[in-house]
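Make one complex out of these two single chains by using the hints.
So the protein sequences, as listed, match chains A and B. 1 is the number of the first residue of the first sequence in our numbering; add one for each residue after it. 1 is the number of the first residue of the second sequence in our numbering; add one for each residue after it.
Source of the hints: derived by calculation from the structure; they are not laboratory data. Since the structure is predicted, the reported quantities are computational estimates derived from the model, not experimental observations. Take these hints with a grain of salt, some might be off.
Unchecked claim - Restricting the straight-line Cα-Cα distance to at most 30 Å, the calculated cross-link-like pairs of lysine-lysine (DSSO-like) are: (1) LYS89/B - LYS7/A; (2) LYS6/A - LYS89/B; (3) LYS81/A - LYS27/A; (4) LYS7/A - LYS146/B.
What the hints assert, rightly or not - Far from chain A, some chain B residues (derived; all Cβ distances over 12 Å): (5) GLU4; (6) PRO45; (7) GLU68; (8) LYS107; (9) ASP119; (10) VAL136; (11) ILE206; (12) LEU208; (13) ARG316; (14) ASP375; (15) ASN415; (16) ARG424.
To be verified - One-sided excerpt, in silico: chain B residues whose CB lies under 7 Å from chain A: (17) THR65; (18) VAL67; (19) LEU70; (20) GLU93; (21) HIS94.
All C-beta atoms, glycine included, are put in the ideal place defined by N, C-alpha and C.
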Amino acid sequence: MTFNKKKLYAESASMIADMGLRDKLSKEEMDFLLSLLDVVLVKQEQPQLIQTLRNWMNTNESSEIDEIIKATFLAVDFTDKESMEQCLQLVTELLENRGE
Amino acid sequence: MISEIPEEYLFDLESEQRVLSSMLHSEDACIEAYNILIASDFYSPRNAIIFELSCSLFLREVRPTLVEVLKEGHNLGLFNNPRDVEELKYITEHFIDDENIKYWIGKVKDKSRLRKFVDFLKASHEVLIEQQGADVEQILMSAEEKLTNLTALEIDDRVDGPADMANLGYDEVERRFLRYKNINEVNKGLIPLDGLSTGFDNLNHITLGYKPGDLIILGAQTGHGKTAFALHTSKAIAVDSKKNVLYLNTEMSREQIALRWGSILSGIEHERIRAGSINETELSIILNAYSRLRDSGFYSYPCPNLTPEKTISIARKFKAQKNIELMIIDYVGRMDKFDPRIPEWQMLEQIVKTQKMLAQNLKIAVMCLVQLNADGTMQGARRMKNECDLMLKLTPIPREDFELSEEIKKYLNPNYYLIIEKNRDGRSGVSIPIVFDLQKQTMKDAERISQ
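With the rest of the complex left out, here is chain B (with noise of 0.2 Å):
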């Protein structure tokens, strides 16, 4: 009964071509095929070829057009015939809009989800007929068990056993057990981060850095720091670590972004080095300054016009090409709406829904900066507080706070609270003291005065 059903209805060569010609005319076409499809959905194994050549590439930074498929195909002997480049021509003309990508990538996978169904039925029907003896709940749980498989839309749902929970629980306690012991014995008391680091040091005490699926929301008012936030956090991972950063700015243009790190990394003055007031040596030191971004993991990509499904197909890309660890976001408020007609706490609510959904799937950690009122309050707070692992406000100590506050006398020259609002890990409601050199846009955890 299986073999009666039509072998064409298995397969579908124009979706897949389809697919394969948007591969090597546009690079979103390109991102969105590498995320959701593996060489096995194709059927035709030239197609599968096809596919992986132009992945391949794609992970190399190459942009997999026609040429480079035919050149790369030839490199590697997969080229050889005359016809082999015939059926390239042929499928690189099944030209589609951009637009329509997802619906043929869908038409691959749906075809290739029926073919793995149908190798269940096979399977099932030879157990049938070898294994008459067996007993019945054990096959009709292996069957469910398969079929289950194939209905998960492959995405990464798993559910965890007894036995499974026991072992994760037994290796988490086992690691830390091991870091702590470690933390005695080696570091000598300095706590290893589980993730990257913040940094600041009071910070990563608390958090144990940022992981890997996290989001964090840093809030604070205009012109206290969003931005100097976002570089001081690059600087930290990216210059110091040397773990790869992608920076997504959505006012700031390329030479300002350039501007800011010089005076981060060397200490000098904003407006002198924007105004260009600087001596000889300044500039040596500057120029050495550069030198240490160059060596750095920091990507950034200024972009006006950014939405939130743009923000996904730039980190897929940028995860799959230079493995980035961290996206900064700055700033959501700034962020083109999905519909101009929802209000702006809906759409502050879809956009970090989104970004916390690419965290995990991407296993990077997500930081978005958002606008703070004028009251310090920030819009949306509650839901964007449901996402989010780490939530984080940055905001100037207040004048009563210097008189008054006996721990803040304990610090020297502290400007700004760093305060932990949520923290799904750890402690929260804390305030740390640090300082915030405006002028040079640096900021380090203020020092303790000793007693």
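Next up, chain A with everything else stripped away, as it sits in the complex (with noise of 0.2 Å):
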């Protein structure tokens, strides 16, 4: 990781559990987006996820759907390779059902 990079992921990381421990998170928003950091910055894994993802917020309008979406993310597990496959078939299920 670049010196930014560095930079750049333990000011997210801190800004998050800064906004969790003030409760403008919940714990379970919280871990996600930790997780999802360390994915994106640590790791480097998981292109499928970063794309449904972009594709929902591109798509969102806080309707149920989306609160059902929502609901699915925060409940994966990302160390649960299943888990995440299940996660991003129903994301996109949903996602294609509210296109049509």
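As structure tokens, then:
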């Protein structure tokens, strides 16, 4: 990791944790965002997750279906490959259904 | 006077932060710090907590990144205040390069020892004030003992006094007496092992197994079963006894090692498995065989650029995370040199010394495979022999032995000798006839023909 990336990583992680401690994020939201940060900057894995999140963010209308998608993301276990695959499949289906 | 020592002389927060930051960025730093430091070496209680959190994650095979430490600390209720997060962020920004980790660890350790020295001075000062009539000799002796412990660098050095030696001796004899009794009463003559099974009954009988701290050297010529022996040993320990083994291979790929297992565990010829020339029944036999490997304690680490230093780091990691009992290096001749200018024999000697120290420090058995010259001799053999506890040679039985040796005729189809060149704990100079099936990559004791 380059110096700038390390700096960005430390800043982002502490900002997320800080928001969690100040109750601006729920524990689930904090855990998800921290794990996501690790996946993107440290492990550099899960390109499909990033793409699915992007797709969702571009179309998020805070509807009921968006709440279901958010809950699905928050429930995912980043260390369990199967859980991640199921989550991505479910979110993709939900996004497709909304588009129809 | 002691109280005049400036407080800031007794700690070095920058070094503590650099070590922790390095642990949060690099696994190698984690291994190094985990092995050398303890939480009480940190002056700052906050730093000690972060160190403990990082070690606990590392032991659970979770890479202790900043994120993981934050989550763990939050879950355990250790980080409740935004200031805790700010401090942790500040620590992670003390980036250092991996190669400097030993320097910073040394600084943390030195300050920790210095604090212990100051505690010793304070305690001695109190003794002088409070026990003015006490025996001077006794005060000095007690102080000397404490000071010696401080300067011993916390290495596991110990001197056995007469009573220690007598107790140790009696305990050992009693253990052996009970074991012998057990052999006769319960096991009906079968000798229980002191260490890990070697995979050969006759070798087990002579060595009582590979014990923690043992360095075992196995020499064989190219194409004469070094890897087969390593995997046979792994099978006995990791598959049959379900104990954890780390196998470092310097020349084979993951696929090649995996395919060898198929043959060893199924008993189907290696060439046919490699070519895929098997029928459906055999495929199902192989599937079954791999299910035994799945449940085993075999960990493989193919590393073409293995160096002696890297073996230390890998062994420490696997000892901490998987509690390995044996590490096999296949083979030392392929390891990268410390220094390209040094001759081959000197390099082998250095490697072997490192591995012996590693075996003793981690209390595991280490097996090094070495290549024999075409004439059956071993490069640097004398020096290697000095270092190791057990030196074995795997060599084809010479044609003349089949014709002239009455002993060899008492065995069913032997084709190789497993020669015990050195055995620190027992008989040596023994040649054990074995059957090495090159096609199936399997080995076993040659059976004695019943009279």
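The hints, checked one at a time:
no. : hint              : verdict
1   : LYS89/B - LYS7/A  : 9 Å, holds
2   : LYS6/A - LYS89/B  : 11 Å, holds
3   : LYS81/A - LYS27/A : 22 Å, holds
4   : LYS7/A - LYS146/B : 45 Å, violated
5   : GLU4              : 39 Å, holds
6   : PRO45             : 19 Å, holds
7   : GLU68             : 7 Å, violated
8   : LYS107            : 22 Å, holds
9   : ASP119            : 35 Å, holds
10  : VAL136            : 57 Å, holds
11  : ILE206            : 46 Å, holds
12  : LEU208            : 42 Å, holds
13  : ARG316            : 22 Å, holds
14  : ASP375            : 51 Å, holds
15  : ASN415            : 46 Å, holds
16  : ARG424            : 45 Å, holds
17  : THR65             : 5 Å, holds
18  : VAL67             : 4 Å, holds
19  : LEU70             : 5 Å, holds
20  : GLU93             : 6 Å, holds
21  : HIS94             : 10 Å, violated
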